[in-house]
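Visitor: Residue-level listing of the chains:
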Amino acid sequence: EADIYQTPRYLVIGTGKKITLECSQTMGHDKMYWYQQDPGMELHLIHYSYGVNSTEKGDLSSESTVSRIRTEHFPLTLESARPSHTSQYLCASRAYNEKLFFGSGTQLSVL
Amino acid sequence: AQSVTQLDSHVSVSEGTPVLLRCNYSSSYSPSLFWYVQHPNKGLQLLLKYTSAATLVKGINGFEAEFKKSETSFHLTKPSAHMSDAAEYFCVVSAPGPPSGGSYIPTFGRGTSLIVHP
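Residue numbers (our numbering), protein chains in the order written: chain A, 45 to 155; chain B, 473 to 590.
Extracted from the complex, chain A is given alone in its bound form (with noise of 0.2 Å):
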């Protein structure tokens, strides 16, 4: 059973708003994950994070932001949305055997 939670699960918005994806995970991982996927393609790492105050950017250019201020928490945030950020964003925890945990992901859709 996940203990990992996104929301929103469905977020619609305009050019130019500011938004923040959460996410929060009741395991206790220290690492955490943003991934983008669009619809029947791969996962693009975006961001991830080895513990509070840790953030890295990953292998796909993103024009997003995170923070890690609380082991539980993970937050996404974009500044000025964009209709090229419409996507899939999935979050994930790894647990200490390298098992990933998925929440349900947000569909973003900027119009």
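It should be emphasised that the hints constitute simulated quantities derived from the structure, not laboratory data.
A portion of the hints provided could be inaccurate.
Unchecked claim - One side of the interface only, derived from the structure: several residues of chain B facing chain A at Cβ under 8 Å:
{"id": "1", "residue": "Ser504"}
{"id": "2", "residue": "Gly515"}
{"id": "3", "residue": "Leu516"}
{"id": "4", "residue": "Leu518"}
{"id": "5", "residue": "Lys521"}
{"id": "6", "residue": "Thr523"}
{"id": "7", "residue": "Ser566"}
{"id": "8", "residue": "Tyr576"}
{"id": "9", "residue": "Pro578"}
{"id": "10", "residue": "Gly581"}
{"id": "11", "residue": "Arg582"}
{"id": "12", "residue": "Ser585"}
To be verified - Straight line, CA to CA, 30 Å or less: simulated DSBU-like cross-link-like pairs of lysine-lysine:
{"id": "13", "chain 1": "B", "residue 1": "Lys521", "chain 2": "A", "residue 2": "Lys143"}
{"id": "14", "chain 1": "A", "residue 1": "Lys75", "chain 2": "A", "residue 2": "Lys143"}
{"id": "15", "chain 1": "A", "residue 1": "Lys62", "chain 2": "B", "residue 2": "Lys514"}
{"id": "16", "chain 1": "A", "residue 1": "Lys62", "chain 2": "A", "residue 2": "Lys101"}
{"id": "17", "chain 1": "B", "residue 1": "Lys541", "chain 2": "B", "residue 2": "Lys521"}
{"id": "18", "chain 1": "B", "residue 1": "Lys514", "chain 2": "A", "residue 2": "Lys143"}
{"id": "19", "chain 1": "A", "residue 1": "Lys75", "chain 2": "A", "residue 2": "Lys61"}
{"id": "20", "chain 1": "A", "residue 1": "Lys61", "chain 2": "A", "residue 2": "Lys101"}
{"id": "21", "chain 1": "A", "residue 1": "Lys75", "chain 2": "B", "residue 2": "Lys530"}
{"id": "22", "chain 1": "B", "residue 1": "Lys540", "chain 2": "B", "residue 2": "Lys530"}
{"id": "23", "chain 1": "A", "residue 1": "Lys101", "chain 2": "B", "residue 2": "Lys514"}
{"id": "24", "chain 1": "A", "residue 1": "Lys75", "chain 2": "B", "residue 2": "Lys540"}
{"id": "25", "chain 1": "A", "residue 1": "Lys143", "chain 2": "B", "residue 2": "Lys530"}
{"id": "26", "chain 1": "A", "residue 1": "Lys101", "chain 2": "A", "residue 2": "Lys75"}
{"id": "27", "chain 1": "B", "residue 1": "Lys514", "chain 2": "A", "residue 2": "Lys75"}
{"id": "28", "chain 1": "A", "residue 1": "Lys75", "chain 2": "A", "residue 2": "Lys62"}
{"id": "29", "chain 1": "B", "residue 1": "Lys530", "chain 2": "B", "residue 2": "Lys514"}
{"id": "30", "chain 1": "A", "residue 1": "Lys143", "chain 2": "B", "residue 2": "Lys541"}
{"id": "31", "chain 1": "B", "residue 1": "Lys514", "chain 2": "A", "residue 2": "Lys61"}
{"id": "32", "chain 1": "B", "residue 1": "Lys530", "chain 2": "B", "residue 2": "Lys541"}
{"id": "33", "chain 1": "A", "residue 1": "Lys101", "chain 2": "B", "residue 2": "Lys521"}
{"id": "34", "chain 1": "B", "residue 1": "Lys521", "chain 2": "B", "residue 2": "Lys540"}
{"id": "35", "chain 1": "A", "residue 1": "Lys75", "chain 2": "B", "residue 2": "Lys541"}
{"id": "36", "chain 1": "B", "residue 1": "Lys521", "chain 2": "A", "residue 2": "Lys75"}
{"id": "37", "chain 1": "B", "residue 1": "Lys540", "chain 2": "A", "residue 2": "Lys143"}
{"id": "38", "chain 1": "A", "residue 1": "Lys143", "chain 2": "A", "residue 2": "Lys101"}
Virtual Cβ for every residue (Gly too), placed ideally from N, Cα, C.
Starting from the known structure of chain A, arrange chain B on it as the hints suggest.
Guide: Same frame as chain A, but now just chain B:
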């Protein structure tokens, strides 16, 4: 550096026939390998993982995968497909970085869509 190549974007089988989803990997260090499944409108679920123990790994729902170091492959198989197996399957590699610091950043393949015909 590490990478994953899933050799087929789509695999189509009839119900009751064997399934083979192919995955090749590249890693500078001894990797851990995983298969995840993603059903439509559902989250990703771990099917199985290899972490340098037995080379034949058994997972959930009758799936298994064999690690072949000489071929750098980690193909996923199932003897008999079921309609409920229709989904997207992702091969994932995760390896430590240089000795100066570990990374274990999971890298995903492009995915293989498994289609099961009645």
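Visitor: Decide, hint by hint, whether the structure agrees.
Guide: Right, here's what the structure says about each hint:
1. Because the smallest distance between the Cβ of B/Ser504 and any Cβ of chain A comes to about 5 Å, under 8 Å, the interface hint for this residue holds.
2. The beta carbon of B/Gly515 comes within 5 Å of a beta carbon in chain A, closer than 8 Å, and the hint placing it at the interface holds.
3. At a threshold of 8 Å, the smallest CB-CB gap from B/Leu516 to chain A is about 4 Å, leaving the interface hint in force.
4. The closest approach between the C-beta of B/Leu518 and any C-beta of chain A is roughly 5 Å, which is under the 8 Å cut-off, so the hint is satisfied.
5. Restraint check, B/Lys521 versus chain A: the minimum CB separation of about 7 Å is within 8 Å; hint holds.
6. Hint on B/Thr523 holds. Least Cβ distance to chain A is approximately 7 Å, under the 8 Å limit.
7. Given the 8 Å rule on beta carbons, the hint for B/Ser566 holds: about 6 Å separates it from the nearest Cβ of chain A.
8. The interface hint given for B/Tyr576 holds, since its Cβ lies 7 Å from the closest Cβ of chain A, which is under the 8 Å cut-off.
9. Nearest Cβ of chain A to the Cβ of B/Pro578: about 6 Å, under the 8 Å cut. The hint holds.
10. At a threshold of 8 Å, the smallest CB-CB gap from B/Gly581 to chain A is about 6 Å, leaving the interface hint in force.
11. Interface hint status for B/Arg582: upheld, as the beta-carbon distance to the closest one in chain A is roughly 4 Å, under 8 Å.
12. Annotation: B/Ser585 was flagged as interfacial toward chain A, and the flag holds, the nearest CB pair being 7 Å apart, inside 8 Å.
13. At roughly 8 Å between alpha-carbon atoms, B/Lys521 and A/Lys143 fall within 30 Å of each other, so this suggested pair holds.
14. Taking the CA atoms of A/Lys75 and A/Lys143, the gap is near 11 Å; set against the 30 Å cutoff, the hint holds.
15. Distance hint between A/Lys62 and B/Lys514 is fulfilled; the C-alpha atoms sit about 27 Å from each other, no more than 30 Å.
16. Between A/Lys62 and A/Lys101 the CA atoms are separated by roughly 19 Å; this keeps the pair inside 30 Å, and the hint holds.
17. Restraint check: the Cα-Cα separation between B/Lys541 and B/Lys521 comes to about 15 Å, which is no more than 30 Å; the hinted pair holds.
18. About 17 Å separates the Cα atoms of B/Lys514 and A/Lys143, which keeps this hinted pair within 30 Å; it holds.
19. For the hint linking A/Lys75 to A/Lys61, the alpha-carbon distance of about 29 Å falls within 30 Å, and the restraint holds.
20. Simply put, A/Lys61 and A/Lys101 have alpha-carbon atoms about 22 Å apart, close enough for the 30 Å limit, and the pair holds.
21. Using a Cα cut-off of 30 Å, the hinted pair A/Lys75 and B/Lys530 holds, with the two alpha carbons roughly 26 Å apart.
22. The straight-line distance between the Cα atoms of B/Lys540 and B/Lys530 is roughly 15 Å, inside the 30 Å bound, and the hint therefore holds.
23. This hinted pair checks out: A/Lys101 and B/Lys514 have alpha carbons roughly 26 Å apart, not beyond 30 Å.
24. Restraint check for A/Lys75 and B/Lys540: the C-alpha separation of about 28 Å stays at or below 30 Å, so the hint holds.
25. For the hint pairing A/Lys143 with B/Lys530, the CA-to-CA distance comes to about 15 Å; that is within 30 Å, so the pair holds.
26. For a cut-off of 30 Å, the pair hint linking A/Lys101 to A/Lys75 stands: about 14 Å separates their Cα positions.
27. For a cut-off of 30 Å, the pair hint linking B/Lys514 to A/Lys75 stands: about 22 Å separates their Cα positions.
28. With a CA separation close to 26 Å, the supplied pair A/Lys75 and A/Lys62 stays within the 30 Å bound.
29. Pair hint B/Lys530 plus B/Lys514 holds up; C-alpha atoms about 23 Å apart against a cutoff of 30 Å.
30. Distance hint between A/Lys143 and B/Lys541 is fulfilled; the C-alpha atoms sit about 21 Å from each other, no more than 30 Å.
31. Among the hinted pairs, B/Lys514 with A/Lys61 is consistent with the structure: their alpha-carbon atoms are about 28 Å apart, no more than 30 Å.
32. With a C-alpha separation of about 17 Å, the suggested pairing of B/Lys530 with B/Lys541 holds against the 30 Å cut-off.
33. Pair hint A/Lys101 plus B/Lys521 holds up; C-alpha atoms about 26 Å apart against a cutoff of 30 Å.
34. Of the supplied pair hints, the one linking B/Lys521 and B/Lys540 holds, its CA atoms being roughly 14 Å apart against a limit of 30 Å.
35. Simply put, A/Lys75 and B/Lys541 have alpha-carbon atoms about 28 Å apart, close enough for the 30 Å limit, and the pair holds.
36. Annotation: proposed proximity of B/Lys521 to A/Lys75 holds, straight-line Cα distance about 18 Å (limit 30 Å).
37. Distance hint between B/Lys540 and A/Lys143 is fulfilled; the C-alpha atoms sit about 21 Å from each other, no more than 30 Å.
38. For a cut-off of 30 Å, the pair hint linking A/Lys143 to A/Lys101 stands: about 21 Å separates their Cα positions.
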